[in-house]
Amino acid sequence: MKYPQPPARSATPSAQELVHNDGRPVPAVFELESPQFLGDEDIPFERYTSEAFYELEMERMWTRTWQWACREEHIPEPGDFYVYEIGRHSVLIVRGNDSRIRGFVNSCLHRGTKFRSGGSDGGFDEIRCPFHGWTWGLDGGLKRVPYDWDAPHVSQRDFSLPRVSLECWGGFVFVNLDPDAPPLNAYMAPMPEHMENFDLAGRFVELHIEKELHCNWKAAKEAFIENYHTQETHPQLLYGSDDEGTQYDVFNDHVSRFFCAFGVSSPSIDPPPTEQQLVDMMLVGDRSVLGDTVIVGEGESARIVMARVLRAQLGEKYQVDLSRFTDTEMIDVSQYSLFPNMLLFPQLSLPMVYRFRPLGDAADRTLFELLILRPAPEGGPRPPAARPVRLTERESFTTVAGFDPVLGEVYDQDTGNLRAQQEGFRAARKPGETLLNYQEVRVRLLHQTLDRYLRASEPAL
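Numbering (our numbering), first residue to last: 1 to 461.
FYI, nobody ran anything at the bench for these hints, they're computed from the structure. Hints are supplied without guarantee of correctness; some may be wrong.
To be verified - Below, computed lysine to aspartate or glutamate pairings styled on DMTMM-like, alpha-carbon distance capped at 25 angstroms:
(1) Lys-114 x Asp-361
(2) Lys-143 x Glu-126
(3) Lys-317 x Glu-206
As the list claims (entries may be wrong) - Label-pair ranges, simulated between beta-carbon atoms:
(4) Asn-197 x Pro-383: 19 to 27 angstroms
(5) Arg-390 x Ala-420: 20 to 28 angstroms
(6) Gly-79 x Ser-160: 13 to 21 angstroms
(7) Glu-298 x Pro-271: 14 to 22 angstroms
(8) Ser-160 x Thr-233: 23 to 31 angstroms
(9) Arg-287 x Glu-395: 37 to 45 angstroms
(10) Asp-158 x Lys-430: 51 to 59 angstroms
Quantities reported herein were computed from a predicted structural model and do not represent experimental measurements. The C-beta atom is built at its ideal place from N, Cα and C for all residues, glycine as well.
Please model the complete structure; the sequences and the hints are all you need to start from.
Shown next, in the form of structure tokens:
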């Protein structure tokens, strides 16, 4: 349901106004605005704590949605495999001898044993059960049953491995447990159109961090889809990004966006920082490329200087031509949410993708993943995907080799709130959370889309 009145907006300059002062025209996709008012009712806390609600999600939502499972570079050669799990559901993703990628239910048709454990990857010539040795080809066809004289009722025709829906986009491999799933491009529109200039298929996984969290998966995702928390949780970031001017767009049930200009300070900072101070803050996350110092000349804009330096130095380090990218595409934060659990940052500075999943099969445990996707060298071999670094709840992002420790502190601040919030859900006497109408609209959208899946007869649009 869409409500008629538009949401209130801050009186401060918007992200649109700020980026139009740049040295290059703003791409059309970043001139789009799609504000929506989706209501102001409270969201019940039991949606984050109830095991019954979690079971309903497992049954009706996770089995019917497209989910990013891995990158194509995780399985580059025939026989390479990757196991993606969501709660109790497990998918074995395999690249066949014909180079096609297929997804199978990760359970032997003999007595149910998983072929490979959750989170594993590697390579094999055939799919073989570790219990009794029943064997399938990489295309899922039954090849061998030991002592088959005792299994006359097992036919090759009827014992192919059950497949899941699988499609690739932008170098990502997506799976959907629903055999009648809608086409991926229709499900994720307008994201493919918005990403056309970024060549996500031409990127590689430079860093992969996994973080265990004591909270519901929705609470974990919601912590990252609004900028409202910056003024309290990350006050240091107010000196280089405009929290209050952030733009929030709702495109449809599955896709939303926030767009935040970098290289400008929050209106709450008085006196405002100098252009040099703005650039110093913008170095967060890219120090491995730029070093600790970028100098802003007399009369120069921090935004234009940072975009220019990034084009040159990122291009040199990764052996790619970045001249076609505008200032906005280089430095600003455009974060796209794909329902249910993916967040994608396509820009060249801090080019990240997040994923949020129930950890194990529990309503109050989450695995948060952060991947950095850098441009692969043009005309050269693609670097192998980085192995994941696993952090427990109490381990700091600042300990991860190759990750800017200043940025690591920001993620420690984000994830440090989540146990207290999960415990507060249970302690509350007020039955639900009250959301802001504009800045937290993406939180509300997540719940409204989830409800459409839980009411199984009503498809999401």
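Now the hints, each set against the structure:
1. Lys-114 x Asp-361: Roughly 16 angstroms between the alpha carbons, so the hint for Lys-114 and Asp-361 holds.
2. Lys-143 x Glu-126: OK: Lys-143 and Glu-126 at ~9 angstroms, within 25 angstroms.
3. Lys-317 x Glu-206: holds (13 angstroms)
4. Asn-197 x Pro-383: 19 to 27 angstroms: Cβ of Asn-197 to Cβ of Pro-383: about 22 angstroms, so the range 19 to 27 angstroms holds.
5. Arg-390 x Ala-420: 20 to 28 angstroms: holds (23 angstroms)
6. Gly-79 x Ser-160: 13 to 21 angstroms: Hint holds: Cβ distance 18 angstroms, inside 13 to 21 angstroms.
7. Glu-298 x Pro-271: 14 to 22 angstroms: This hint holds: roughly 19 angstroms between Cβ atoms.
8. Ser-160 x Thr-233: 23 to 31 angstroms: For Ser-160 and Thr-233 the Cβ distance comes to about 50 angstroms; the hint is violated.
9. Arg-287 x Glu-395: 37 to 45 angstroms: violated (21 angstroms)
10. Asp-158 x Lys-430: 51 to 59 angstroms: At 55 angstroms between Cβs, range holds.
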